[in-house]
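*Asks:* Once you have looked at the hints, place chain B on chain A.
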Amino acid sequence: MTTRALAGLRVVEMTEAWAGPVGASLLGDMGADVVKVESYPRSSMTRPVRPREATMPGDGPPYERDALHHQGNRNKRNVCLDIRTEGGAEVLRRLIAGADLFIEGYSSGTIERLGFGWDAVHEINPRACMISLAGWGVAGLYAGKVTLGAGLDATCGHMSVRGYPDGPMEDVRSNFHSDATGAATTVCAAITALEQRERTGEGCFTDFSQWEGLVWQFPGLLSEWTMNGRLPDRLGNRDPHIVPHGVYRASGDDEWVAVAAEDDEQWAALASALGHGEWAREPHAWATLTGRLRAREAVDRAITTATRERSAFDLAEAVQAAGAICAPVVSSSQVLMSPQLQAREWNHIIEHRWTGPAMVGGFLWQVEPDPLTWDRPTALVGEHNEEVLIELGYSAPEIADLLSAGAIADGYPQPGGAPRSPGLQRRAGDS
Amino acid sequence: MQPLVGLRVVEVGGTLAAGVATKRYSDFGARVIKVEPPTGGEIRRLAPFPDDRPHLDTGAMHMAFDTGKRSLALDLSTPSGREVLDRVLADADLLIAHQPVPELRALLRRVDSESGPCTVAITAHGLDGPYAERIENDLTLFGWSTRAHRHSVQGREPLRYAPQVGMIQVANTAGMLGLVAVWGRRQDGRRRDVEVAGVEALMGNVDSSFFLWAVNGAVQPRSAGLYRGIYPMGAYPCKDGHVLFSAARHPFFTNLCRVIGHPEAAFDPRFTDPSQRADHFEEFRAMLEPWLAVRTKYDIFHEMQEAGVMCAPVLDASEVMTDPQSVARRSYVTVAQPGPGDEPIEVTVPAAPYRMNGLHSDRWQAHAAPRLGEHTGEILDELGYSRDEQIALFRAGVTG
Chain A
1 MTTRALAGLR VVEMTEAWAG PVGASLLGDM GADVVKVESY PRSSMTRPVR PREATMPGDG
61 PPYERDALHH QGNRNKRNVC LDIRTEGGAE VLRRLIAGAD LFIEGYSSGT IERLGFGWDA
121 VHEINPRACM ISLAGWGVAG LYAGKVTLGA GLDATCGHMS VRGYPDGPME DVRSNFHSDA
181 TGAATTVCAA ITALEQRERT GEGCFTDFSQ WEGLVWQFPG LLSEWTMNGR LPDRLGNRDP
241 HIVPHGVYRA SGDDEWVAVA AEDDEQWAAL ASALGHGEWA REPHAWATLT GRLRAREAVD
301 RAITTATRER SAFDLAEAVQ AAGAICAPVV SSSQVLMSPQ LQAREWNHII EHRWTGPAMV
361 GGFLWQVEPD PLTWDRPTAL VGEHNEEVLI ELGYSAPEIA DLLSAGAIAD GYPQPGGAPR
421 SPGLQRRAGD S
Chain B
1 MQPLVGLRVV EVGGTLAAGV ATKRYSDFGA RVIKVEPPTG GEIRRLAPFP DDRPHLDTGA
61 MHMAFDTGKR SLALDLSTPS GREVLDRVLA DADLLIAHQP VPELRALLRR VDSESGPCTV
121 AITAHGLDGP YAERIENDLT LFGWSTRAHR HSVQGREPLR YAPQVGMIQV ANTAGMLGLV
181 AVWGRRQDGR RRDVEVAGVE ALMGNVDSSF FLWAVNGAVQ PRSAGLYRGI YPMGAYPCKD
241 GHVLFSAARH PFFTNLCRVI GHPEAAFDPR FTDPSQRADH FEEFRAMLEP WLAVRTKYDI
301 FHEMQEAGVM CAPVLDASEV MTDPQSVARR SYVTVAQPGP GDEPIEVTVP AAPYRMNGLH
361 SDRWQAHAAP RLGEHTGEIL DELGYSRDEQ IALFRAGVTG
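Heads up: the protein sequence lines correspond to chains A and B, in order. The opening residue of the first sequence carries number 1 in my numbering; numbering runs sequentially from there. The opening residue of the second sequence carries number 1 in my numbering; numbering runs sequentially from there.
With the rest of the complex left out, here is chain A (with noise of 0.2 Å):
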């Protein structure tokens, strides 16, 4: 059993692609009570009807072997709901009547309309705190508007400084490091909300801007412009008051290693590792912070002849052990030589019905003394409709009727197969 920290707390999450799901898979890895409501008839981003690059190898429909949804939605039980028709409304409302928090991350405005606004999640139940994550927030003059990780990355100033610094605009890559922070801080947003119930018996509502979250992240490029009148350089690996400080070729094809010496200190480490020990002896030009910087082409041209020698893998562990910062660049497939991974045994190999085992990544932290766990891999469409209708006061025969009615649902459509009722997969499975 996992991590306890947030035993008892139930939470509802309708959020889709990555920062809310991932951020409410945090809340599970804690041990909260995660029921995620997925959509129907509409399947979300990440539930693919027809097979793609993402789609994991196995049996059964793309939509459960998506390696997308499953990066974000561990740890949680599932229910999948058409709440348009009465019938799931009232399971959603039961849900939210009985949750502490209730996180959504529709575009600002959607939620109201589906008639789950903060008003009526209050009247449900005024204890629960309810936490917005639309793109560009709630309140403001964006209602409406639609945007994924990439679009807020391009808003917030960060995509002008990202890429190479003598590149156009259109070789920057698309980034999501929105979704990666957004998903902690919507853990922050969840626990100081509850914290505010916590003194004022009252649950709150919570507007959460993903952008505002990434703007946060981001001082030194406002001030730059707001105290020196400056908009920020590009600056690829440099920096400007360290050198060196790069990512260098090592001797492979396309093989490369990051180093950095930020004083002295470290500068004397790294010559000696490369072999260079005289490059940090006084009188030498670059023994000094000054000397280093008014020579940055040359020193990084020395750095690269001596790099170009080992592999990336040995640069860091003589470097390191000299006491100089580098890291090899890695890939997915070489970081898995990580003989620090390893002894941390950080990979796991994860169970799940249609795709078999698959080794996935680890945690994102270590907690004792009750480590985590993976209790539940990525849940199926629907897995838990039974499970919880039933906790919510639901018998069999309306369970089954909300079913056939095509209010809950286990299943989506299949492209070009013929129409059929929701909840047929999971009988013929079981049969």
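The reader is advised that the hints may include incorrect statements.
Non-contacting residues of chain B with respect to chain A, defined by C-beta distances greater than 10 Å in every case (computed) [said to hold, decoys possible]:
no., residue
1, Asp86
2, Ala90
3, Ala92
4, Arg105
5, Arg109
6, Lys239
7, Arg258
8, Glu264
9, Gln276
10, Met287
11, Asp299
12, Gly341
13, Gln365
14, Gly384
15, Ser386
16, Glu389
Going by beta-carbon spacing under 7 Å, a handful of chain B positions derived as facing chain A [claimed, not checked]:
no., residue
17, Gly129
18, Pro130
19, Thr140
20, Thr146
21, Thr173
22, Val180
23, Arg192
24, Met203
25, Val215
26, Ala224
27, Ala235
28, Asp316
29, Ala317
30, Thr348
31, Asn357
From the derived model, a few chain A residues whose C-beta atoms are all more than 12 Å from chain B [unchecked claim]:
no., residue
32, Thr85
33, Ile124
34, Arg127
35, Gly277
36, Thr288
37, Arg310
38, Glu398
What the hints contain is simulated information worked out from the structure, not anything from laboratory work. Predicted model only: the values in this text are computed from it and were never measured. For every residue, glycine included, the Cβ atom is placed at its ideal position computed from N, Cα and C.
*Replies:* Relative to the frame of chain A, chain B by itself:
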């Protein structure tokens, strides 16, 4: 009253990561004591500075992330300094620490296993294992976590993101865990020790291609920004800059084709059939870019969003501040910050990204970041040190 009033936090290390982690608390009313070396830690030494004049109290990172904290300047390398810290810890709910691992281990051993605070230790590789004592920075965390490799073009130098982004994400993870640990202890009485390894925190999260590779063996192509096999994804030029599209899939692609006056393209197998699409990227681009070239990024943003297309303007730091949404939401606030002179300086910092009970509630505000050692005397008073004892500590350089 702010939601975290009453929470007592001690931050040790003086680093950027430690400061970022505890901003989550001080911004919502917690009492955060920032224990810093009397010479000033990393976060105070990071640029930019006003007029490019470095000063321990005016670095942008310090002024943004240390808002509302108290500063205790204390040399932890001496027994006398550590004794003061013990007293600080005895009166705390939570310790957030980021130090070299040998010092961190020694610090954690000083925490009373029954009555001491919950702890969150921030490390690069964890507290154990063969790499535990390696020193890394933001750049090398990007190297180890597969993110630099992903953020590059085949054959070219792998890149980090903007400076410190990886470290800030690790810190954000630590900040979240502190809140969870304190909550958990109130529920079940258990004191928890949490350890964040930067490499694991970055790699285990999304925005890394590791998971996809691990479950699929899929090697992600390292192409330049514009995706050619599935589009439009990435930044496209327009009249006054660039717009970013994430609009390759239905219904976004269909809507986009309609907006640019080529509704038929949405049903043209050259652009929709995965086996043909990559060969016809330039033809698609030739339809889209002339439409973009005569429109501004904000016009495109609004028109595309109105039609249900995921699209966003690419903004620089100056434009972010004047973006209508950031103005409407008051996403930035000004703080009167003690500066090097007599007069405080007015500083613009990002507001908290989440606010309780409505955005325009007056309950949330930012407070100035402390001068180095600003609260040393006050805190030592609270801990019961006599004035003579305080002078003794100061004279020996233990406090500042």
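*Asks:* If a hint holds in the structure, say so; if it does not, say that too.
*Replies:* Here's how the hints hold up against the structure:
1. Asp86: Since the minimum Cβ distance to chain A is about 21 Å, B:Asp86 lies beyond 10 Å and the statement holds.
2. Ala90: The claim holds: B:Ala90 sits with its nearest Cβ about 21 Å from chain A, beyond 10 Å.
3. Ala92: Per Cβ check, B:Ala92 is outside 10 Å of chain A; nearest 17 Å; holds.
4. Arg105: Fine: 14 Å to the nearest Cβ keeps B:Arg105 off the interface.
5. Arg109: holds, 14 Å
6. Lys239: Its Cβ never comes within 10 Å of chain A, the nearest being 14 Å, so this holds.
7. Arg258: B:Arg258 is indeed farther than 10 Å from all Cβ atoms of chain A, at 16 Å.
8. Glu264: holds, 22 Å
9. Gln276: With a cut-off of 10 Å, B:Gln276 remains clear of chain A, as the shortest Cβ separation is near 16 Å.
10. Met287: holds, 16 Å
11. Asp299: Non-interface label on B:Asp299 holds, nearest chain A Cβ at 14 Å vs cutoff 10 Å.
12. Gly341: B:Gly341 clear of chain A: closest Cβ-Cβ about 15 Å, beyond 10 Å.
13. Gln365: About 15 Å separates B:Gln365 from the closest Cβ of chain A, which puts it past 10 Å; holds.
14. Gly384: At about 29 Å from chain A, B:Gly384 clears the 10 Å cut-off, so the statement holds.
15. Ser386: holds, 36 Å
16. Glu389: holds, 34 Å
17. Gly129: Holds, about 4 Å.
18. Pro130: holds, 5 Å
19. Thr140: holds, 4 Å
20. Thr146: holds, 5 Å
21. Thr173: holds, 5 Å
22. Val180: Constraint on B:Val180 satisfied, holds at 5 Å.
23. Arg192: Holds, because the Cβ-Cβ distance from B:Arg192 to chain A comes to roughly 6 Å (cut-off 7 Å).
24. Met203: holds, 6 Å
25. Val215: holds, 5 Å
26. Ala224: Holds, because the Cβ-Cβ distance from B:Ala224 to chain A comes to roughly 4 Å (cut-off 7 Å).
27. Ala235: Given a least distance of 5 Å, the restraint on B:Ala235 holds.
28. Asp316: holds, 5 Å
29. Ala317: Status holds, d = 4 Å.
30. Thr348: holds, 5 Å
31. Asn357: With Cβ-Cβ at 5 Å, under 7 Å, it holds.
32. Thr85: For A:Thr85, whose nearest Cβ neighbour in chain B is about 22 Å away, the distance exceeds 12 Å, so it holds.
33. Ile124: holds, 18 Å
34. Arg127: Since the minimum Cβ distance to chain B is about 15 Å, A:Arg127 lies beyond 12 Å and the statement holds.
35. Gly277: A:Gly277 clear of chain B: closest Cβ-Cβ about 20 Å, beyond 12 Å.
36. Thr288: Per Cβ check, A:Thr288 is outside 12 Å of chain B; nearest 17 Å; holds.
37. Arg310: Per Cβ check, A:Arg310 is outside 12 Å of chain B; nearest 15 Å; holds.
38. Glu398: holds, 34 Å
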